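Student: Given next are the chains, with one letter for each unit.
Number of protein chains: 2
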Amino acid sequence: MATTDTIFQHGTLGLLVPGLFDGTITAKELLTHGDNGIGTLNGLDGEVIILDGHAYQAREDGQVSEIGPDESLPFASVHFQKPDVSAPLSQLSQAAFEEKVVADYRLTNVFAAIRIDGTFSYVKTRVAPRQQPPYKTLVEATATQPEFEGHAVQGSIIGYYAPHLFQGATVGGFHLHFLSADHQLGGHLLGFDIDQATLKVQHFANFKVHLPIDNEAYLQERFDNAAIDSAINKAER
Amino acid sequence: MATTDTIFQHGTLGLLVPGLFDGTITAKELLTHGDNGIGTLNGLDGEVIILDGHAYQAREDGQVSEIGPDESLPFASVHFQKPDVSAPLSQLSQAAFEEKVVADYRLTNVFAAIRIDGTFSYVKTRVAPRQQPPYKTLVEATATQPEFEGHAVQGSIIGYYAPHLFQGATVGGFHLHFLSADHQLGGHLLGFDIDQATLKVQHFANFKVHLPIDNEAYLQERFDNAAIDSAINKAER
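Protein chains in written order, with this note's numbering: chain A, 1 to 237; chain B, 1 to 237.
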């Protein structure tokens, strides 16, 4: 039975930092753990947006397409959607939204999924460019990456709020992706202004991390917590 | 069905640091998630050792007793025992053991349960002293705590190795407790020398953290990651 009180995360944000970009879970398997979420593909090839059981890839060329079941991902977070909050939002900047949602729904120390469906007066995304082995570090790989903008866009924001204690395992704070309804604009969300939208928040009691413990590069890596923290702040915000 | 590829952890080590010592899960519920593990009780009242489905409390007065089903815990980690490694150990210091087990079983970036049954030429434990609200911080509460020693002791070490990336959520590295076979010596393990014993290692693909998201003190706390890291290194090693 699908559990709705758990975020399932494959991999860690930390493993992307030194450049462990090989996919270690298939999209097919990932979707058995959730029907909404975010991630990246094998080779850091773009941004993954998962909505209502369909996983999409936003690529560095600006194109969006549905991900095949056998494509693989080094990092992704998913959950089965069953929001415990549904609220209208109107004329709200990103900063005002983030402050409001943390305060109103007491997110500070709680994992939550955030989904916002509606119209956005402004959206800015970026998309990680596909890498080839031997991989660079995350900060090097994302030093130059295409950004995309839209005005008066209809679409969906999907992602998570995580307690800052879990920075490294994941992104502490907000980590949001976007996909427009017409699939012309997508990616990791850098900025947005809400026009009219519906917010759905789902609080989770459980955070389940699934690690690629059969992956040789993962087993061998010597991670550095301070470097991971700094790289996440640089590359994922 | 009992899952043997997952560590279930209630709470975080981080929440103990500012003094959130109120129990937020019953022993009865905890034992539905595992039959071996470690933890602490409501009010930081001693050290919890869980072996083969029985949860024991080692108290600051040196006494050990079985924990009742309705007693509660602020922090605990458990799993259902199904080791994938069983190996004899002989004449091994703690330092030599830790180096050997990380290298031989490739633990660096992997969660694993460690259980060692046998005779120990030396064992040193400490036991956190029971606190009363309003609670002190973890470092203050454990500044003076009783230590216990044994020589030629038969008993069991139980605990975990966690990747250092998860320091804060849990203890990065080893976190081991001890209980003697005659229940005369128990606690958080400060040092040991193995005489003759059997090591069991169980690697986990999954780490599942269950947070007390209905606990008011937890929701209100403003955690400080750097302070948590420092306090764990001081109080839990």
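It should be emphasised that the hints constitute simulated quantities derived from the structure, not laboratory data.
Be aware that a few hints might be false.
As the list makes no split between identical chains, a pair holds if one copy fits it or if it spans any two.
As the list claims (entries may be wrong) - Under the rule of at most 27 Å between Cα atoms (straight-line distance), these lysine-lysine pairs were calculated in the DSS-like manner:
| # | residue 1 | residue 2 |
| --- | --- | --- |
| 1 | 136 | 200 |
| 2 | 82 | 136 |
| 3 | 200 | 124 |
| 4 | 208 | 124 |
| 5 | 28 | 200 |
| 6 | 234 | 82 |
| 7 | 136 | 234 |
Note that this is a predicted model, so its numbers are computed, not measured.
Student: Hint by hint, note whether the structure agrees.
Tutor: Comparing the hints with the structure gives:
1. Within a single copy, residue 136 and residue 200 get their C-alpha atoms no closer than 37 Å, and across copies no closer than 38 Å, so neither meets the 27 Å cut-off.
2. For the homomeric pair residue 82 and residue 136, neither the shortest alpha-carbon distance inside one copy (38 Å) nor that between copies (38 Å) is at most 27 Å.
3. For the homomeric pair residue 200 and residue 124, the shortest alpha-carbon distance inside one copy (21 Å) is at most 27 Å, but the shortest distance between copies (52 Å) is not.
4. Taking the closest pair of Cα atoms, residue 208 and residue 124 never come within 27 Å of each other, the shortest separation being 30 Å inside a single copy and 34 Å across copies.
5. Proximity of residue 28 to residue 200 under the C-alpha cut-off of 27 Å is restricted to the intra-copy arrangement: shortest distance 25 Å within a copy versus 34 Å between copies.
6. For the identical chains of this complex, residue 234 and residue 82 are neighbours neither inside a copy (32 Å) nor across copies (41 Å), given an alpha-carbon limit of 27 Å.
7. For the identical chains of this complex, residue 136 and residue 234 are intra-copy neighbours only, at 15 Å inside a copy versus 36 Å across copies, given an alpha-carbon limit of 27 Å.
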